[in-house]
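Produce the entire structure from the sequences given, and follow the hints as far as they go.
Read top to bottom, the protein sequences are chains X and U. Going by the UniProt record's numbering, the residue at position 326 of the first sequence is 326; the numbering climbs one at a time, nothing skipped. Going by the UniProt record's numbering, the residue at position 325 of the second sequence is 325; the numbering climbs one at a time, nothing skipped.
Rather than coming from a laboratory, the hints here were simulated on the basis of the structure. Where hints are given, some of them may not hold.
Claimed, not checked - Below, in silico cross-link-like pairs of lysine-lysine (DSSO-like), each with a Cα-Cα straight-line distance of 27 Å or less: (1) Lys352/U <-> Lys508/X; (2) Lys306/U <-> Lys440/X; (3) Lys254/U <-> Lys203/U; (4) Lys355/U <-> Lys440/X; (5) Lys508/X <-> Lys353/U; (6) Lys355/U <-> Lys508/X; (7) Lys254/U <-> Lys440/X; (8) Lys53/X <-> Lys207/X; (9) Lys203/U <-> Lys306/U; (10) Lys203/U <-> Lys18/X; (11) Lys53/X <-> Lys440/X; (12) Lys102/U <-> Lys114/U; (13) Lys18/X <-> Lys353/U; (14) Lys60/U <-> Lys217/U; (15) Lys251/U <-> Lys440/X; (16) Lys217/U <-> Lys254/U; (17) Lys24/X <-> Lys353/U; (18) Lys471/X <-> Lys440/X; (19) Lys440/X <-> Lys262/U; (20) Lys24/X <-> Lys352/U; (21) Lys129/U <-> Lys428/U; (22) Lys355/U <-> Lys18/X; (23) Lys352/U <-> Lys440/X; (24) Lys440/X <-> Lys353/U; (25) Lys54/U <-> Lys203/U; (26) Lys217/U <-> Lys18/X.
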Amino acid sequence: MGKQVPLPAGVYNLDDLKDFGRRKGWCPYYLARYSILHANIIVYSYHYLLDPKIADLVSKELSKKSVVVFDEAHNIDNVCIDSMSVNITRRTLDRSQANVETLQNTILKIKETDAAKLKEEYRRLVEGLKEANVARETDIYMSNPVLPDEILQEAVPGSIRTAEHFVGFMKRFLEYLKARLRIHHVVQESAPQFLKDIFEKVCIDRKPLRFCAERLRSLLRTLEIADIADFSAITLISNFATLVSTYSKGFTIIIEPFEDRTPTIANPVLHFSCMDPSIAIKPVFERFQSVIITSGTLSPLDIYPRILDFRPVTVASFTMTLARTCLCPLVVGRGNDQVAMTSKFETREDFAVIRNYGNLLLEMSAIVPDGIVAFFTSYTYMENIVASWYEQGILENVQRNKLIFIETPDAAETSMALEKYQEACENGRGAILLSVARGKVSEGIDFVHHFGRAVIMFGVPYVYTQSRILKARLEYLRDQFQIRENDFLTFDAMRHAAQCVGRAIRGKTDYGLMIFADKRYARADKRGKLPRWIQEHLTDGSLNLTIDETVQLSKHFLRQMAHSIHDISNCNVQCFCQLNLSQEDQLGLSLLTLEQLQSEDMLQKIAQIAHQA
Amino acid sequence: MAALSEEVLLVVKRVRQRKQDGTLYLMAERIAWGPEGKDRFTVSHLYADIRCQKISPDGKAKIQLQLVLHTGESTNLHFSNESTALKDRDAAKDLLQQLLPKFKKRANKELEEKNRMLQEDPVLFQLYKDLVVCQVISAEEFWANRLSINNVDHSLSNNKQEVGISAAFLADIRPQTDGCNGLRYNLTSDIIESIFRTYPAVKQKYGENVPHNMTEKEFWTRFFQSHYFHRDRINTGLQDIFSECAKQDEKGLKSMVFQGVKNPMVDLLSLEDKSLDEGYGSNSTAPSTSNTNKTVKENSNSAIIKRFNHHSTMVLAAGSGKKADAPNGQACETSSTDGNSRDSDFFQPPIKKVKIQDVIEYEDLHRENGKKTVALNLKKSDSVLSGSALCTASCAIAALSPGGVLMQALAQQAINQMVPNDVQGELKHLYTAAGELLRHFWSCFPVNTLFLEEKLTGHLEDMFQMAYNKFHAWQTRRMMRKT
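What follows is the structure in structure tokens.
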């Protein structure tokens, strides 16, 4: 209609937008996409920028001068990898088969009614993807890693130019994949190996494969298929074809005939796994003038430029400014019986270790007010420990102090447990939430104030190292970036540990204990990988403690924190009121007035100092 | 005989009291005992006066019943008829059990209420001692003023907060071996109450089966043997009457899960960021959680976890006084009213908004009471930026902030630290007593009845005099002690 109507103030979230759309009769989805082009600040999930499939729709028209800030970027490498990886199962192939048949029928139908349309498409393909090329060269759009530069200069190869030929080509490709999935042992190969094999077996060349994604898109457009979601399977296959033929490095193909846990049930999966996060993020670095990567748990800093393959202009690590030392990290290394506490694989099933972990929880449940959150390294480990705690009667004793809620693999069940946990904290009963690092709770839920007065991290949350995909990635990191396996694993474990314990402190009025229950945390290589704001408060006196010492230190800390900052002196009754940090208490003393700060020569001086530093 | 007009509910002969044989009468309003051969009662208690009854444990040689009165006194009755002693005692006990609760409600509420108020409020108690016990004002006057408060309190005390359930009540039932391959569980009525409140399904079973199908003892024996009690076992036996309870629990849990959560901030389902399509991502094939490929051990482990969640939820629900809405399928009804259901788009936004608002708001960032700051007039602003001055300044600020070196010395020496505690306490008593008198005084205005006038001119004046004397006495005493 061409009319421009400003989006009213107050429409800030999805519900508001839905409401607004309902009132105006506009589609909130397209409204949101349209307003992206006019917005000053856009806040959205990483995927909208990093995932080429989405970025192409949403973000490619963002201006070059935009400033991109990746906040909470500690996991950015995984997001990059996820967005470029593909898994193909039997089900995917079956659905693709159905898709191809639908395409074939539609083509036949269209040929009878509107053959001109297909001819027009053919003509366009001969001319090549000029449009896209022009757009990219003139820098209007952000580049798409799935759409490699070379293919933009070439015309779509003749073998897949007509619609029927393309459908036939896809059929052949599908048959080949099906054959590959009919195996009984694990296969791991590189992309060139895969291409060689496919050429030998079914005579599919590299070149047409590279055009697959673009060719399919064009076909779907020509056939005017409205419901693209139905064709997600064939789209996935075509994306895979393009990726596998475009990148000879940075990807690996693993075909597993069954899951490791269930070797009797055939469930073949083809993992096309990206190992190089820099591929997905490269267009962002290339396109935008300033890219800022930031997080509270981005540590150690130097590993990120290496794994994302960029040269940082400025690197800085800041401490936290606190009104008081409201966090208390403690490393518990031993039980009262001096048995080392660790989740190391060899000793994790050890009776004494489990008992000591239980005692730690029990002791803490007696002294920490309101909520305690405990994280385990994995779900199975938690299950085992909970079972043996139950047998040993530890949980019964914990229940005397607090209610116990436990995360389950089911999200709905966990949500309910979480809500009840908060309810129990709210009404003063106090509760313990047993949860899993890398789980849904550790990533998404904050435990502010009394919802988490203590976080206990049982063990070091190493990733499951037996997975083949991880092994391949570690190998790649070692060969390409000279990052040792152990360094990367520790780095990964520590960022998750920091994520977990960081759940407790979500503001300056908050306070909480952070208990690392594993003697390995005391080692320099682990300790040094914790974020600076935690390291600062981790003194030598708080390392390798026994449970008793931990309890003493915790008691002291909690008592101090429970005091109000104001000393209410004319009240005879001792007042343990809620911490009251009013504005005047926190205002610092400025040495400059606002006018002075804004004056011309002062700004110059500041710029000078910044340059020197 | 005085009792003739009364209805006699039960007569038990051969009951000894203070080593004297006699007869026990349970009448409509009181319990009485008369020695043999005499025509009067030497013991007679109104039911209303009795706080509770106690009985001697089974198996004791002496079969006794003890009546404890509100006053704290007690009366022991010894049933001495060899053949029927136990039956007699139980008959009396049962009847009393029915009667006592009826009279309890009729007991002297006012006195109890006053008593309770004095016990719960130490300040009031002190005031009472200062004013009534020292005869400054009479007890009626003292209470007359509090009557209104009393009434308000009354309604509060009626729905006094219910005591919650200990989460570990099951752990408190410690089984003891009886030496011959058996276990003894000791159950108290508290524990049974806890079990019933936490597990309504068990209560229902109890109602269904006791006493028609089995005795109470048998019921609890089965309970402790059941898979239900032992959470790590997976119930398979169908003959177990509690297997149904487990199923009901499961159902309850499911319906609660289905209902979803009210707080959108903890709803993991909605938090889940599914921006990756199916088939993309590095580990989209999540490990299957179907039961088929799980070992028995794993199954039992996850059963424990589920039951812990359920147990805690039920304890919480029982404690917060809410009807545990899980098992009876009424759960579905609530969902439509409280805006809790997933599809009711119209209820959700406000809750969500409020929650989000709650999270993002910081109290201290509000501007209203921002103090006017004084601009620092720097002579040499260059030196500030050069660093040295900045350093000293920040040191000074650090020393002056709470916890800094300078602030420790400056900590205010408040008056409450200079005056000893006992003096403070006494002064406070005098102060509250005087305040109470003043309250009496001012409540007389406007003087529109003869009674008020009399009160004002008459004894209120005396009261003030008395209070003043008291204060004066205290003052001189303190002075004396000081010198």
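Structure-based check of all given hints:
Between the alpha carbons of Lys352/U and Lys508/X the distance comes to roughly 24 Å, so the proposed pair stays at or under 27 Å and holds. Of the pairs offered as hints, the one joining Lys306/U and Lys440/X holds, with about 17 Å between alpha carbons and a cut-off of 27 Å not exceeded. Among the hinted pairs, Lys254/U with Lys203/U is consistent with the structure: their alpha-carbon atoms are about 20 Å apart, no more than 27 Å. With a CA separation close to 20 Å, the supplied pair Lys355/U and Lys440/X stays within the 27 Å bound.
For the suggested pair Lys508/X and Lys353/U, the alpha carbons sit about 23 Å apart, so the restraint of at most 27 Å is met. A hinted pair counts as satisfied when its Cα atoms are at most 27 Å apart, and Lys355/U with Lys508/X qualifies at roughly 20 Å. Of the supplied pair hints, the one linking Lys254/U and Lys440/X holds, its CA atoms being roughly 20 Å apart against a limit of 27 Å. For the hint linking Lys53/X to Lys207/X, the alpha-carbon distance of about 21 Å falls within 27 Å, and the restraint holds.
Distance hint between Lys203/U and Lys306/U is fulfilled; the C-alpha atoms sit about 21 Å from each other, no more than 27 Å. For the suggested pair Lys203/U and Lys18/X, the alpha carbons sit about 47 Å apart, so the restraint of at most 27 Å is broken. A C-alpha spacing of about 25 Å is found between Lys53/X and Lys440/X, which places the hinted pair at or below 27 Å, so the restraint holds. At most 27 Å may separate the alpha-carbon atoms for a hinted pair to count; Lys102/U and Lys114/U meet this at roughly 22 Å.
With a C-alpha separation of about 14 Å, the suggested pairing of Lys18/X with Lys353/U holds against the 27 Å cut-off. For the proposed pair Lys60/U and Lys217/U, the alpha carbon gap of about 20 Å is at most 27 Å, so the pair holds. For the hint linking Lys251/U to Lys440/X, the alpha-carbon distance of about 25 Å falls within 27 Å, and the restraint holds. Pair hint Lys217/U plus Lys254/U does not hold up; C-alpha atoms about 32 Å apart against a cutoff of 27 Å.
Pair hint Lys24/X plus Lys353/U holds up; C-alpha atoms about 22 Å apart against a cutoff of 27 Å. Proximity of Lys471/X to Lys440/X is assessed by CA-CA distance (about 24 Å); at most 27 Å being required, the pair is judged to hold. At most 27 Å may separate the alpha-carbon atoms for a hinted pair to count; Lys440/X and Lys262/U meet this at roughly 18 Å. Pair hint Lys24/X plus Lys352/U holds up; C-alpha atoms about 23 Å apart against a cutoff of 27 Å.
Taken as a hint, the Lys129/U and Lys428/U pair is honoured in the structure, with Cα atoms around 14 Å apart against an allowance of 27 Å. Between the alpha carbons of Lys355/U and Lys18/X the distance comes to roughly 19 Å, so the proposed pair stays at or under 27 Å and holds. With a CA separation close to 20 Å, the supplied pair Lys352/U and Lys440/X stays within the 27 Å bound. At most 27 Å may separate the alpha-carbon atoms for a hinted pair to count; Lys440/X and Lys353/U meet this at roughly 23 Å.
Distance restraint check for Lys54/U and Lys203/U: the Cα-Cα separation of roughly 26 Å lies within the 27 Å cut-off, and the hinted pair is therefore satisfied. Between the alpha carbons of Lys217/U and Lys18/X the distance comes to roughly 61 Å, so the proposed pair goes past 27 Å and is violated.
Checked against the numbered hints given earlier, this structure breaks hints 10, 16, 26; the rest are met.
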